Amino acid sequence: MLTREQALALVLRRLALLGKELGKPALEQADEQTRLFGEAAALDSIGLVTLIADLEEDIRVATGKTVFLADEKAMSRLTSPFRRTGLLAEYVVEIVGR
Amino acid sequence: MPSTALITGSSRGLGLALAERLLADGWTVHGFARGPQTLAHARFRAHVVDVADEAAVRTAIAAIAAEGRIDLLVNNAGTASLNSVLLTPGEVAATLMRVNYLGAFHCLQAAGKAMVRQRSGLILNLTTVAVPLRLDGEAAYVASKAAVEALTQVAAAELAPQGVRVLAAGFGPVDTALTRAVPRGKLAEINERIGRPQGTTIPQAVDFLVALIGDASVPSGSIRYLASL
Numbered sequence: 003m004l005t006r007e008q009a010l011a012l013v014l015r016r017l018a019l020l021g022k023e024l025g026k027p028a029l030e031q032a033d034e035q036t037r038l039f040g041e042a043a044a045l046d047s048i049g050l051v052t053l054i055a056d057l058e059e060d061i062r063v064a065t066g067k068t069v070f071l072a073d074e075k076a077m078s079r080l081t082s083p084f085r086r087t088g089l090l091a092e093y094v095v096e097i098v099g100r
Numbered sequence: 093m094p095s096t097a098l099i100t101g102s103s104r105g106l107g108l109a110l111a112e113r114l115l116a117d118g119w120t121v122h123g124f125a126r127g128p129q130t131l132a133h134a135r136f137r138a139h140v141v142d143v144a145d146e147a148a149v150r151t152a153i154a155a156i157a158a159e160g161r162i163d164l165l166v167n168n169a170g171t172a173s174l175n176s177v178l179l180t181p182g183e184v185a186a187t188l189m190r191v192n193y194l195g196a197f198h199c200l201q202a203a204g205k206a207m208v209r210q211r212s213g214l215i216l217n218l219t220t221v222a223v224p225l226r227l228d229g230e231a232a233y234v235a236s237k238a239a240v241e242a243l244t245q246v247a248a249a250e251l252a253p254q255g256v257r258v259l260a261a262g263f264g265p266v267d268t269a270l271t272r273a274v275p276r277g278k279l280a281e282i283n284e285r286i287g288r289p290q291g292t293t294i295p296q297a298v299d300f301l302v303a304l305i306g307d308a309s310v311p312s313g314s315i316r317y318l319a320s321l
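In the order they appear, the protein sequences are chains A and B.
Counting from 3, one number per residue, gives the positions in the first sequence under this note's numbering.
Counting from 93, one number per residue, gives the positions in the second sequence under this note's numbering.
Because the hints were derived from the structure by calculation, they are not lab data.
Nothing here was measured: the structure is a model prediction, and the numbers come from that model.
All C-beta atoms in this analysis are idealised placements derived from N, C-alpha and C, irrespective of residue type, glycine included.
Among the hints, erroneous ones may be present.
[Unchecked claim] With the C-beta cut set under 10 Å, the calculated list includes, among others, these residues of chain B facing chain A:
#, residue
1, T151
2, A154
3, A155
4, A157
5, A158
6, A202
7, G204
8, A206
9, M207
10, V208
11, R209
12, R211
13, L251
14, A252
15, P253
16, Q254
[As the list claims (entries may be wrong)] Here are some of the chain B residues that sit facing chain A, going by a computed Cβ distance under 10 Å:
#, residue
17, R150
18, K205
19, E250
Use the sequences and the hints to build the structure in full.
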């Protein structure tokens, strides 16, 4: 199991690493309000795919559980869990707890 | 550095021969098949997976990725059916799309994610010369493989920024169980059209695939045929 704070820490840590890799220092300053997806988002589509792929592995290492973040349920939600870092952290907690 | 491959449809024919060749070349090979596999080798791992079953594919590939790298995915599993377009049952067309296209899609998606994490990898999708030849009598089969070719080119563009290459390779009729139901006259006609009157043997097809796998200069998104078209 993960708490919201632990999940958010995973997301922010991964974003910071991606920021270094992609040369986007703003990602290293991300907080729970950072927009991931949509207009004025921190990531482009490739960046979001990379974040999801990397984060699934981070979750497996942290919890021992294999999860698939981008499943049909996530993609069809009215409020996308990929819109902001805080929403993504809450979604991570939910999916790990399933 | 030791490399790890995943080959679908590895229980027989071209998939089995490619697995044997990669093992001989020092690779570790994971093989997907719907039933038991006869190949026995210290570096071969057999998995009972139907590529059309998305959940089974995701679970199996996640388990492989958790153990280490996946450097190469060969989407070889496939099925064929020859029939006039007006006489092909819808369920046959659906099966061809499920196995040939969706099977490749599921595996590409799951292994592609592992490769994105690695920031490297090669996905090789098998297609057929029947696509560029627009072979009559194979509409549903050709459509499923045309979808694989389109998938190859779009996935290549999407995954290129993360160092993952996607290619497709196609052959004329290779002497496998898949082509034994095809009338000899039809096979001879196709082989003439692609400049290979003697046909294509499994070892020739394997050599072609191994050369493609080893050639990093082939641009991602390329579709290569062992044929003169």
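To see whether the hints hold, each was checked on the structure:
Residue-level restraint check for T151 of chain B holds (minimum Cβ-Cβ distance to chain A is 7 Å; threshold 10 Å). For A154 of chain B, the interface hint holds, since its Cβ comes within 10 Å of a Cβ in chain A; the closest pair sits about 5 Å apart. For A155 of chain B, the suggested interface contact is upheld, since its CB lies about 8 Å from the closest CB of chain A, less than 10 Å. A least Cβ separation of about 8 Å between A157 of chain B and chain A falls short of the 10 Å threshold, and the interface hint therefore holds.
The interface hint given for A158 of chain B is met, as the beta carbon of that residue sits about 6 Å from the closest beta carbon of chain A, less than 10 Å. Because the closest C-beta pair between A202 of chain B and chain A is about 9 Å apart, less than 10 Å, the hint holds. At about 8 Å, the closest approach between the beta carbon of G204 of chain B and any beta carbon in chain A falls short of 10 Å, and the interface hint on this residue holds. Annotation: interface hint on A206 of chain B holds; nearest CB of chain A at approximately 8 Å, less than 10 Å.
Contact between M207 of chain B and chain A, as hinted, is supported at the beta carbon level, the nearest pair being about 9 Å apart and thus within 10 Å. Look at V208 of chain B: its Cβ gets to within about 4 Å of chain A, closer than 10 Å, so that hint holds up. At a threshold of 10 Å, the smallest CB-CB gap from R209 of chain B to chain A is about 5 Å, leaving the interface hint in force. The interface hint given for R211 of chain B holds, since its Cβ lies 9 Å from the closest Cβ of chain A, which is under the 10 Å cut-off.
Given hint, L251 of chain B at the interface with chain A, holds; its Cβ is 9 Å from that chain's nearest Cβ, closer than 10 Å. Satisfaction of the interface hint for A252 of chain B is found here, the shortest Cβ-Cβ separation to chain A being roughly 9 Å, below the 10 Å cut-off. With a cut of 10 Å, the hint placing P253 of chain B at the interface with chain A holds, because the nearest CB-to-CB distance is about 5 Å. For the restraint placing Q254 of chain B at the interface with chain A, the shortest Cβ-Cβ distance is roughly 6 Å, inside the 10 Å limit, so the hint holds.
Because the beta carbon of R150 of chain B sits about 6 Å from the nearest beta carbon in chain A, less than 10 Å, this interface hint is met. Interface restraint check for K205 of chain B: the shortest CB-CB distance to chain A comes to about 5 Å, inside 10 Å, so the restraint holds. Hint on E250 of chain B holds. Least Cβ distance to chain A is approximately 7 Å, under the 10 Å limit.
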